[in-house]
Amino acid sequence: MGEWFEQNGALLGLALLDGIASAALIFMVAVGLNLVFGVLRVLNVAHGSFFAIGGYMAASIGLLMTAVGLPPWASFAALLLAAVVTGAILGPLIERFLLRRVYAEESVLQLLVTFALFMILEDLQKIVWGVQPVSFGGPVALMGTVDVPFAGDVIPYNAYQVILLPVVALLTLGGLAWFLRRTLAGRVIVAVTLDREAATAMGIDAGRVFLLTFTFGAVLAALGGALSAPTASLVPGVGASTIVLSFAVVATAGLGQIEGAALTALMIGIGRSVAVTFEPELEVVVPYLIMVAVLLLRPQGLFGVPETRRI
Amino acid sequence: MPVTSPLTRRGALAAGFGSVLLPAGLSAQAPAAKPSELKIGITTFLSGPASVFGVPGRNAAEMLAEEINREGGIGGVPIRLFFVDEGPGIDHLVGEFRRLVQNEKVDVMLASISSGSCLACTPLAEELRKVTLLWDCGTQRIFEEGSYKYAFRSQANSTPEMMAPLLYLLKHKPDFRSLAVVNQDYAWGRDSWELWKAAMDVLKPGVRVVAELFPRFGATDFSAEVTRLLALRPDVVLSTSWGGDLDTFIRQSAERRLFERSTFVLPLAESSLERVGRLLPPGHIVGSRGDHWHQHPRPADPAALQRFVANYRRRFNAYPIYPTYHMAQAFSALRAAYAKATAANGGNWPSDVQLAGAFPGLEFDSPTARLRIREDGQALEPQLIGTTAQDDRFPFPIMDRMVVFPPETIMPPVGQKSLDWIRTLTADAVSRVPDPVRPAG
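One line per chain: the protein sequences are A and B, in this order.
Just so you know, we're using the working numbering here: the first sequence kicks off at 1 and counts up by one.
Just so you know, we're using the working numbering here: the second sequence kicks off at 1001 and counts up by one.
Accuracy of the hints is not assured; some may be wrong.
What the hints assert, rightly or not - Here are the simulated DSBU-like cross-link-like pairs (lysine-lysine), alpha carbons at most 35 Å apart as the crow flies:
1. B:Lys-1105 / B:Lys-1039
2. B:Lys-1105 / A:Lys-126
3. B:Lys-1039 / B:Lys-1204
4. B:Lys-1204 / B:Lys-1171
5. B:Lys-1039 / A:Lys-126
6. B:Lys-1171 / B:Lys-1105
It is worth saying that the hints were derived from the structure and are not from the lab.
Values in this document were obtained by computation on a predicted structure and should not be read as measured data.
The following block holds chain A by itself, in its conformation from the complex (with noise of 0.2 Å):
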C-alpha cells in the first residue's frame, strides 16, 4: 500500500483536485432538490431543466453584456443574474399554477406531473435556444490556471474550477446551514419538514414555505447551470443527465439533507475523477456504485432518519 501511494500519491492528488471541482457542482444541483423534496415531499423531474435553463440564461446574459462592452468581470455577475431571475420566474410559476394542484395526489402522478413539465422545458429551451451547443467562457478565460506541480513539470488547471466553484459551494453550505437553522424562517422550513401537520396547526403558513422553498430550490438549481456554463457546452438533453445524478444524490445523502448531500457529492465527484485516473472503464458507473454501497447499508441514505410510516 506504501508503495502504491509512493508511485502513484502524486497522481490521487491531482485527482482529488479534479473530485472537488466536480463535486462542487453536482451539490449546487442536488442540493436545491433535496430541500425541495424535504419540504415539498414532490420529486421534481424538472428540476434538471432549471439546471439547464439557467445555464443557457448564464450564456445569453454574459454574451449579451460582452457584447455591449460591459468590463469584463460583469461575466461573474451574469452568472448570479441567469440564477436569479431564472428561479424567481420559473419557481413561483410552477408552484403555484402546478404543484399546488398536485400536493394531496399520488406520488406517482407528482412525479408524471412533473416528467410533464420537464419535457415541456426541454422543449423551450430548443425554441429559444435552437439545438447548437451554447458556451461563454468569460469567467474562465478571466482566472486563468493555476499550475500544479507534477513528476518535475506543472499540471494547469482553471482557477475557475478549482477555486471560484467549491468557494460558491462551500459558502451556500455553510449559508443554507446558518438560514435552516440560525433565522426563524429557516425554522419554520424545517418545521414544516419534519412535521407539515403539527406546523401548519402552530399557524405557519404551508403554502408560502412551499412556494418560497421551491422558488429558493429552482434559484440553486439554476445557479448550478449558470456556474456550468463557463466550462461546459449546453446542449438538449443536459437536463436530463443532470437529474439523474442528482436523484442519486438525493437518495444517497437521505432525502432532505443537505450535509449530506454536500458529503454524498463530495465522494461522487470524488469516484469519479480518482475512476478516471486509475480505472477508466469505472467513471460511469462509479455514482450507482457509491448509492447502491451506500444504500445497502443504510437504506435511509448518509445522513436520513427512519421514518414511522403512517398507515
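Chain A is already provided as a structure; the job is to place chain B on it using the hints.
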C-alpha cells in the same frame, strides 16, 4: 431535370388492376401510377444531444425540398416531407417507420443518424419492401453483415471515416509513439476506436496506447480526463466525439494548454469549428465525415457548393455542417435513381422494386464530388481530412493541407468485412496517401 411522360390509359388500367388482383407481395413489381406528390419519410434526431446534427439535417431537407419543388419536383412530382424524431428511441422509431409506410403511404424513407436506428430500419425496409436510403448513420456492419434489396446508403461508413484520419496522421506525423483516446461511451465511440486500433496495430505496430477513456455520453466536464492526459503527455490524442461533448472537451483542453503538449486527431471536428472558434489552435487534424466542407479545396461543382452554402447560411445563419451535406447527397441520389428507374421503365413512373433496382451502380452528384453506390448498396464517398490553421477571413479555424482520400483506397471491397480487410493492409497504404491541397482562394 429528369425526363418524364404522363401515364397512358393502358398503363393506368394495368396499374390499377395489378394493385387489386395481385397478391401484396407481387404488387410492388407492378407498374406504378405517377403520384400527385412524392412522400418522403425522414428519420432524424429532433430532440436530445444528437439534435445538433439532426436539426441541421432537417433544415437542409426542408431547404432542398423547397428548391426541388420550385423546379417542378422529382420527375415532375412535387415532394412532401414527413419527419420522425429518433430521440425517443428505437421502439418509437420502428413504430413510426411502419406508420409512415403503411398509413401515410410514403414512397421513400430516409433513415437515420444513429447507427442503432439504421440497424433497426434496414430489416424493416426489406419487410415492407420500401426503398430506404441510409442518409447519415455510420456503422459499416449493415452492408457487410447483411444483403438488402431495398436499403442503400448514400454516403460513406465508419471504416473510411476512421481510415482517412489515421492514414493522414501516419503520413504527416509518422514519428508518434504514444496515443490516448477519449471517445464517448456508446456504440460509435467504441466501434470507431476498434477500427482505429486494428488499423494502427497493422500499419504502425508498437504505438503505446497510454489511456483509453470513454466518458459518459453527454458529459459536461472533462477535467479529470484532461488532467490525466496532461500527466501522461501522449504524442497523439484521438477523439471521435461530437456535439457538445467535443466542444467542451476542446474548450477545457485549450484552457489547460493540452493542445501544446499533444497533437489532436478529431475526425468529426468540422461540425464544431464554427462554435469553438479560435479555441482550437493550428496544427491539429480534423475531418468532416465525408468529402464536404464550405471551403472545399477542389469541389466538382464550385457553383453548386457556393449556392448550397450561401442558401443555407442565408436561411439558418450558420455554415452548413456534414449532416446537411449528407442530406443533400441523399436527395441527389434519390433524384438520380428516379430518373434512372423512369428511363428504364420506358418513361413511366417506377414501382418500388424498379426504383430499388436503380440504386446498385447509381452515380449521383454531391456539391463536391461524383459518388457511386456499389452493388452491395454502400456508396463510395471520398474523405476530406485537413490540419487546422488560422485565416483572417474567418473567426474560426479552417482546414489547411487538405487531403481528399479516394474511397476505394480506404474501405474494403464488396464482400469483405472491414476488420478482415484492415488485417491485409501494408505500408503501401500510407505511401499511397494523396498529396495535400491548399484551400481555395
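Checked hints:
1. B:Lys-1105 / B:Lys-1039: At roughly 7 Å apart (the allowed maximum being 35 Å), Lys-1039 (chain B) and Lys-1105 (chain B) satisfy the hint.
2. B:Lys-1105 / A:Lys-126: holds, 30 Å
3. B:Lys-1039 / B:Lys-1204: violated, 49 Å
4. B:Lys-1204 / B:Lys-1171: Holds - the C-alpha atoms of Lys-1171 (chain B) and Lys-1204 (chain B) are around 11 Å apart, at most 35 Å.
5. B:Lys-1039 / A:Lys-126: holds, 27 Å
6. B:Lys-1171 / B:Lys-1105: This hinted pair is violated, its Cα atoms lying about 50 Å apart.
In this structure, the hints that do not hold are numbers 3, 6, in rising order.
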